[in-house]
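Q: Sequence:
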Amino acid sequence: MANSYHQIYLQLVFAVKYRAAVLDKAWRSKVFGVIGNLINESNCKAIIVNGVEDHVHCLVGLRPVVTVSELMKAVKAKSSKYINDHQLTKDRFEWQEGYGVFSYHQSLVDTVFKYIQNQETHHQMQTFDEEYIGLLNEFKVEYDEQYLFQGLI
446 MANSYHQIYL
456 QLVFAVKYRA
466 AVLDKAWRSK
476 VFGVIGNLIN
486 ESNCKAIIVN
496 GVEDHVHCLV
506 GLRPVVTVSE
516 LMKAVKAKSS
526 KYINDHQLTK
536 DRFEWQEGYG
546 VFSYHQSLVD
556 TVFKYIQNQE
566 THHQMQTFDE
576 EYIGLLNEFK
586 VEYDEQYLFQ
596 GLI
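Here the sequence shown is numbered in this note's numbering, starting from 446 and rising by one per residue.
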C-alpha cells in the first residue's frame with residue numbers, strides 16, 4: 446500500500462522439543478541459515494539467527510502483512526522437515542510447542558544482534574530457563590509457571 450511505512454523488530458525464541466541438546470555444533474549454523482532463508486521467504490527480514498544445542502534466537506524485521514504465528518508455523522515446520530530429511534539427528538526432530546516473541550526499538554537492534562551473536566558465551570553463565578524467564582519478566586509478559594515449560598521437559 447502506498448504511503449504505508451513500518452519498521453517492526455522482533456526477537457523470536459524457540460526450543461527443541463523436550464529441550465533435547467541435539468542441534469549439533471557441526472551442522473547447526475547450516476540450520477540457522479535455513480531458518481534465516483525461511484524468514485526471508487516469508488516476506489520478512491532475517492537480521493540474525495543463532496542459538497545453542499537446545500534453542501534458537503532470531504532477530505527479525507517483520508512485515509505488517511505477516512503474522513508472527515504464520516511466520517513461526519512456517520519456520521518451525523519447514524526447518525524440522527529440513528533436519529529430518531537430511532537425517533541430522535538420530536531420532537525424529539521436533540521443535541517445542543509455542544515460542545517467545547519480544548519487540549524492540551530500532552535503537553536496540555545492535556545490542557540485540559550482539560546478544561544473539563554471543564549465545565554460546567552467554568549460556569556458559571546462564572541457563573535457557575533463566576534467560577527465558579528473564580525475557581518474560583523484562584517485557585512484563587504474564588505467565589503461569591505451571592505451564593511455562595510444558596512440552597519442553
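Derived by calculation from the structure, the hints in this document are not laboratory data. Please note: incorrect hints may appear among the correct ones.
[Said to hold, decoys possible] Each computed BS3-like pair below joins lysine-lysine, with the alpha-carbon atoms no more than 25 Å apart:
#1 K585 with K526
#2 K475 with K462
#3 K462 with K523
#4 K559 with K535
#5 K559 with K470
Q: Could you work out which earlier hints the structure fails to respect and list their numbers in ascending sequence?
A: 1 and 4
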